[in-house]
Amino acid sequence: MRKFFTVLRYELKEYLQSKGFLSLTLILTIAGVALMFLPRFIDLSDFTGVGGKGEGSETVEESKEPQELQQMIYLDEAGIVDVAVLEQFFEDTLWVEAKSTQEVQKAVEEQTAEAGFVVKSPTQYDYFVYNKSMSDTNSRLFEQAMKLFYRMDYCAENGLDFQEITAMYDVPVTVNEQVLNKDTGSNYWYCYVLVIIVFMLISLYGQMIATSVTSEKSNRAIEVLVTSTSPNSLLFGKVIAGAIGGLVQTGVILGGILIAYEVNREQWGGMLDMLLHIPAGVLITFAFFGLGGYLFYAFLYGAMGALVSKTEDVSKSSSGLMIITMVVYFFSLVQLQNVEGAVIKVLSFLPISSYSTMFARIAMGTVAPWEIVVSMLILVVSILGAGFIGAKLYRMGTLRYGNPIKITTALQDIRKSKDS
Amino acid sequence: MKLEVKNIRKSFGETEILHGINFEVESGKALGLLGRNGAGKTTTIRILMDVFRANSGEVLLDGKKFEPSKHQIGYLPEERGLYPKRTVIDQMIYLAVLRGMKAKQAKENAKRWLKRLEVEEYESRKLETLSKGNQQKVQLAATLVCDPEIVILDEPFSGLDPVNSQILKDVVSELIANGKLVIFSSHQMSYVEEFCDNIAIINQGEVVLAGELKSIKKEYGKNRLILSAENMSLSELQKKMEQDYADLVLVAGKQKEFLILELTETGNRSNLMGRLSGSEIQVEKFGIYEPSLNDIFVAKVGEEA
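Chains C and B, in that order, are what the protein sequence lines are. No gaps in the numbering here: position 334 of the first sequence is 334 in this note's numbering, and each next residue is one more. No gaps in the numbering here: position 132 of the second sequence is 132 in this note's numbering, and each next residue is one more.
Treat the hints as calculated values from the structure; they're not laboratory data. Beta carbons: idealized from backbone N, C-alpha and C, even for Gly. Treat the hints with care, as some may be off.
[Said to hold, decoys possible] Among chain B residues calculated to face chain C with C-beta under 8 Å, some are:
{"hint": "1", "residue": "51"}
{"hint": "2", "residue": "77"}
{"hint": "3", "residue": "79"}
{"hint": "4", "residue": "80"}
{"hint": "5", "residue": "84"}
{"hint": "6", "residue": "95"}
{"hint": "7", "residue": "99"}
{"hint": "8", "residue": "195"}
Could you put the whole structure together from the sequences, leaning on the hints where they help?
In structure tokens:
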């Protein structure tokens, strides 16, 4: 046990003293925290809908200067357009009436107008735009306005009270929502983010652990190490050090951002709640299952590293694990929309996938306590199994140089050495 | 302290690599473990270090099962390697602590051995920034940092210049003089001759010659003489000996400066000297043949190969 801690300390020191590790952690944390504090120093009210520079949550109405308004041009051949209605649909827009289609087209081409509309009849219009962006909503909004013009025109022609009919159609309904268990809609995005984080952790640190093991083989440090301590101490020390390194890095970055957001939540008007206002219970579950899944894969990555002698072969050796984690990642994200489905239920018990699916179920669905306990037990037993097999593969592979050893060959050799 | 390796056998898959290795070595003495590349020396050492497990046979220390983890062993592997990106002192302390030493003692020892090997100025440098020779010395310092009772050196002189070789020779001599049990594997026979009282030559997974080096040399030099002439080339002399002296000697070999002759059953040194003095051969060198370890090694491994 003492030797395990010696390896752990030494390996951990390598992570924590690495300039790359420190600078990445520091830069991401500072950048994240600074971003969360941004509304205190810069007016983001347009974005957040909340007054900036510490003015609390009071909404500030500001009249825009004409030069800040975007200009749109229209030609009303049908005689139904009401500019006041258009201004309700298009905020901060100055509407200019054209005399001809050519004028509309010219204004758009010369980009003096953002867009142009030629209303040919109550049910038909042409839309002119210079560059159509992916998020262009002008046409959709104008179509809604056109429908309104049509109704208004119809009511006027038939002697109907447009206001009365509108009021009848748009009866205001008051809803008092009381979510008794989980609010899937608001929990979805942070679950999505956490699934991505744990996937990145496993992939990134798994590769780092595998590379670290292979490096010891390629630089032959392993020759001295295996004669100084047991392979178990070496592998477990290395993997746990990687786990702590990953946790520290993720904890500092994520923790910094979450705390900074909580401090500035009011300034953000709660608009990032869906990403960053994560309940403590979910975070704890995420920590346990995420760490468990991470350890499970880390042991296997360590063993895969021992099967090759050159660091350039690591990706080849660990490609199988990478594929499994990617498949799990894909299924986890897809199944987030159906947390009560059979697929995610099965995945939440498998050690290869419970790390990302169980906490999602806990956050968004209904999970019986026994399910959590059983899933955790399976994960713990699997981690021990992965550690045991990983150490065997590590012991068998560490002093075998040359061509990469296939995992099937390695397992056969282990079985043979056990039999003999 | 006496270490005995008894009838070690080891297979990898279906192939038996070691076919029953036997040798022994005592404290204050060095054993030269010799063999061609792939003979089984490193596998034997790894079994000694408990990195590999033998299929059969045993390793005993003072008659009891040898458990490497319970002893301080300094192992310098043939495949050198430490952490290139870590500082010298850092990794030396790490290795010493891994072998059971307290950190404070480990640091003191590390500094002492770095100083003894004349690389103390590099203690805070990353290993990769050192020359190959200095890296080699750091590796040796790391081997000895825990003041081991048993020292196993696999090709310790490879990559060292003559000055560094001399430093290492002095260190190895000190280890032996201090009563350490030393196992010394090398292809450089002159070093083995210099340090080792006993040798074991391994060829194709078995010990083909083992014992006290002095006795082995004596046995190999027995009934063998050297001869060269001032007025004849070695080839002419060889021809002469094979034609006129076949009743007394056989030509066993030819070296750069003399022939090696082996006395026949009827021959002896006095007869040969008598005959030579009355012949046209102007004797330049005549004496008892003292084989070098290299001669013995080539003869023994050459025979078996």
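For each hint, the structure was consulted:
1. 51: This interface hint holds because 5 Å falls under the 8 Å limit.
2. 77: Status holds, d = 4 Å.
3. 79: holds, 4 Å
4. 80: holds, 6 Å
5. 84: holds, 6 Å
6. 95: holds, 6 Å
7. 99: Check passed: Cβ of residue 99 of chain B comes within 5 Å of chain C, closer than 8 Å.
8. 195: violated, 22 Å
Hint compliance for this structure: hint 8 alone is broken.
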